[in-house]
Amino acid sequence: MKIVVCIKQVPDTNEVKLDPVTNTLIREGVPSIINHDDKSGIEAALRLRDEAGGTVTVLCMGPPQADTALREALAMGCDEAILISGREFGGSDTWATAAIISAALKKIGYDVVITGRQAIDGDTAQVGPQIAETIGVPQVSYVEELRAEGEKLVVRRQFEDRRHIIEVKPPCLLTALSELAAPRYMHVGGIVDAYQKDIRILGFDDLKDDLNPDFIGLKGSPTNVVKSFTKQAKGAGTILADVGADEAVAAIIRKMEEKHII
Amino acid sequence: MSKDIYVVVEQRDGVIAKVGRELIGEATKLAADLGQKVYAVLIGDAVRDKAQSLIEYGADGVVCVQDPILKEYVTEPYAKALTAVIRDRDPEIVLYGATSIGRDLAPRVASRIHTGLTADCTKLDIDPESKLLLMTRPAFGGNIMATILCKVYRPQMATVRPGVMKQLERDASRKGEIEEFKVAFEPSDMNVVIREVIKEEHKKTDITEAKILVSGGRGIGTPDYFNTLRELADVLGGEVSSSRANVDAGWIEKDRQVGQTGKTVRPSLYLACGISGAIQHVAGMEGAECVIAINKNDTAPIFDVSDLGIVGDVKVIVPKLIEAAKKYKAANA
Ligand SMILES: Cc1cc2nc3c(=O)[nH]c(=O)nc-3n(C[C@H](O)[C@H](O)[C@H](O)COP(=O)(O)OP(=O)(O)OC[C@H]3O[C@@H](n4cnc5c(N)ncnc54)[C@H](O)[C@@H]3O)c2cc1C
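Note that the protein sequences, when read in sequence, are chains C and G.
Residues 1 to 262 in the numbering used here are what the first sequence spells out, letter by letter.
Residues 1 to 333 in the numbering used here are what the second sequence spells out, letter by letter.
These aren't lab readings, by the way, just hints derived from the structure by calculation.
Even glycine gets a Cβ: it sits at the ideal position worked out from N, Cα and C.
A portion of the hints provided could be inaccurate.
[To be verified] Now the in silico label distances, taken between C-beta atoms and shown as ranges:
hint	chain 1	residue 1	chain 2	residue 2	range
1	C	I191	G	M1	56 to 64 angstroms
2	G	P319	C	E257	16 to 24 angstroms
3	C	P63	G	Q167	26 to 34 angstroms
4	C	H260	G	K199	31 to 39 angstroms
5	G	D13	C	E151	45 to 53 angstroms
6	C	D198	G	E209	50 to 58 angstroms
[To be verified] Residues on chain C that point at chain G, a partial pick, calculated with CB under 7 angstroms:
hint	residue
7	D121
8	A125
9	Q130
10	I135
11	Y142
12	V168
13	Y195
14	Q196
15	D198
16	A245
17	K259
18	I261
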């Protein structure tokens with residue numbers, strides 16, 4: 001079984017700060033990490049491989065610096081790493097990103113594709129299902145449990161009010177929740193090995209048979225960001241400091257009365 | 001030419017999700033700006049009898065796709081049904097709830113018909129000049145907001161978080177057309193097998209539906225203090241919610257979490273107890289009609305979004321508040 005895990009390198013949004021003067025994101029010095037859901041996907045893929053046999057390929061679209069994310073995945077135990085990188089791909093929205101990754105998947109082949117449910121920088125959860133549609137395989141999203149059963153995969157899929165136990169036959173695509181599998185740590189030997197392995201790079205020319213240049217990148221993307229801004233806080237109301245507890249409680253009751261809440 | 005706004009209304013076991021009605025409410029405003037109509041798309045097994053209620057909540061018409069294959073949500077049959085409706089009707093805009101179903105279905109359909117999709121919007125407007133849909137959503141963990149356009153492709157599509165938009169008052173006298181739309185399903189459309197459906201036990205009122213939320217942050221100190229907050233919520237007729245800190249600590253279930261990675265709530269009253277007011281938390285509760293915060297740190301950012309802020313100790317204020325609320329209720333019963 002050839003398992004391909006699609007990962008994204010993201011800024012650690014915990015560390016993202018706003019410049020109080022310009023109100024813009026300060027990106028310098030923000031560490032890059034493998035997106036959490038994707039890392040859970042890597043772990044799930046490794047366990048599936050160890051259980052059912054096969055290989056795990058890790059695939060990342062991004063700038064050359066995304067190399068570090070791929071090395072980390074190799075150090076966790078992935079067999080092969082591929083970086084999709086090229087100027088033509090910059091500015092792609094989810095539709096275009098899915099088109100590019102799908103072209104790479106067609107080139108390298110796959111039985112099971114695993115993506116994270118969503119990335120913490122964009123939070124869209126769209127790329128997984130969009131890849132599944134583009135390569136034409138069934139998808140099961142929000143996967144929280146996964147095992148092989150003969151030719152089939154049996155997965156538990158989460159909804160707000162229920163869970164489905166689903167049987168699906170490869171080729172298929174799954175999107176992983178962080179709960180799916182707690183990622184293992186890299187071991188020292190693994191890190192050394194990871195830096196000795198080659199990372200295969202796929203650029204536009206490698207994928208052009210399956211890619212329409214008019215449908216990728218900033219220009220080819222159906223959606224465009226036209227404006228970004230920081231949120232305006234709603235104006236503060238009354239603040240009571242240095243008042244006794246009874247007085248504070250009376251003020252709360254008055255407020256609730258005024259708003260017809262009590 | 002593309003026209004009208006279509007709202008994909010979600011149902012589970014024949015029960016309409018509230019977000020569907022909220023989106024119909026929002027769509028009526030956008031439709032007024034465009035001079036167009038609002039249609040609900042209702043997909044499921046034997047769901048037609050639910051269609052009239054959608055008209056009463058503001059839809060001009062309902063397109064119903066019914067088939068036994070649509071009983072439980074599975075991506076492919078639903079994607080096939082919705083794609084057929086979109087290809088036939090050529091809408092200007094299609095809106096979905098940003099639920100685990102909406103966020104699975106919408107991207108699949110967007111890729112199939114090759115159009116743009118914006119996830120998890122918190123604000124929708126029509127640009128007065130271009131008449132394009134302005135889709136605004138948080139990004140970078142709520143640190144920034146981005147406005148997104150889909151200029152060329154149609155329909156313009158967005159998922160919207162539950163609790164963000166407001167449903168209209170029900171008007172039983174409203175009339176509209178209910179159309180049954182036929183889709184020819186084949187057994188192969190069911191490309192996965194559902195072995196089992198495990199429904200969660202009926203929960204306490206979902207926090208997105210609660211009118212009053214008593215919400216606890218790390219400042220409540222111990223997990224069992226949620227019992228005290230629950231007592232207050234019971235007196236006020238509300239529910240208990242939480243910041244993420246306490247959810248991560250395992251003090252309370254994840255479905256009680258308010259915020260960017262939790263739920264968006266817009267209760268009449270949000271009482272924040274020992275919550276600092278991180279931007280990701282505020283993202284989920286700033287739509288509350290009234291916010292009252294109790295925090296011992298007078299510079300806590302929660303005070304910036306509060307109608308009334310009390311600088312003080314939760315452990316001192318809350319027990320007294322329970323007594324005072326009980327007394328008030330008794331006196332005004
Ligand atoms: C990508 C991302 C997504 C996130 N999503 C969410 C989300 O959905 N929801 C969410 O809530 N957070 C979210 N967070 C986390 C958020 O940044 C904060 O860490 C979290 O909200 C803090 O929770 P808190 O206010 O309970 O705790 P703290 O920030 O620790 O605040 C505790 C507060 O209690 C006060 N306090 C202490 N003792 C008392 C007392 N006895 N009486 C009164 N006041 C007291 C303190 O002054 C302090 O202000 C997210 C973070 C990231 C990076």
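Requested in this report: Give me the numbers of the hints this structure contradicts, sorted from smallest to largest.
Outcome: Failing hints, ascending: 3, 5, 10, 13, 14, 15.
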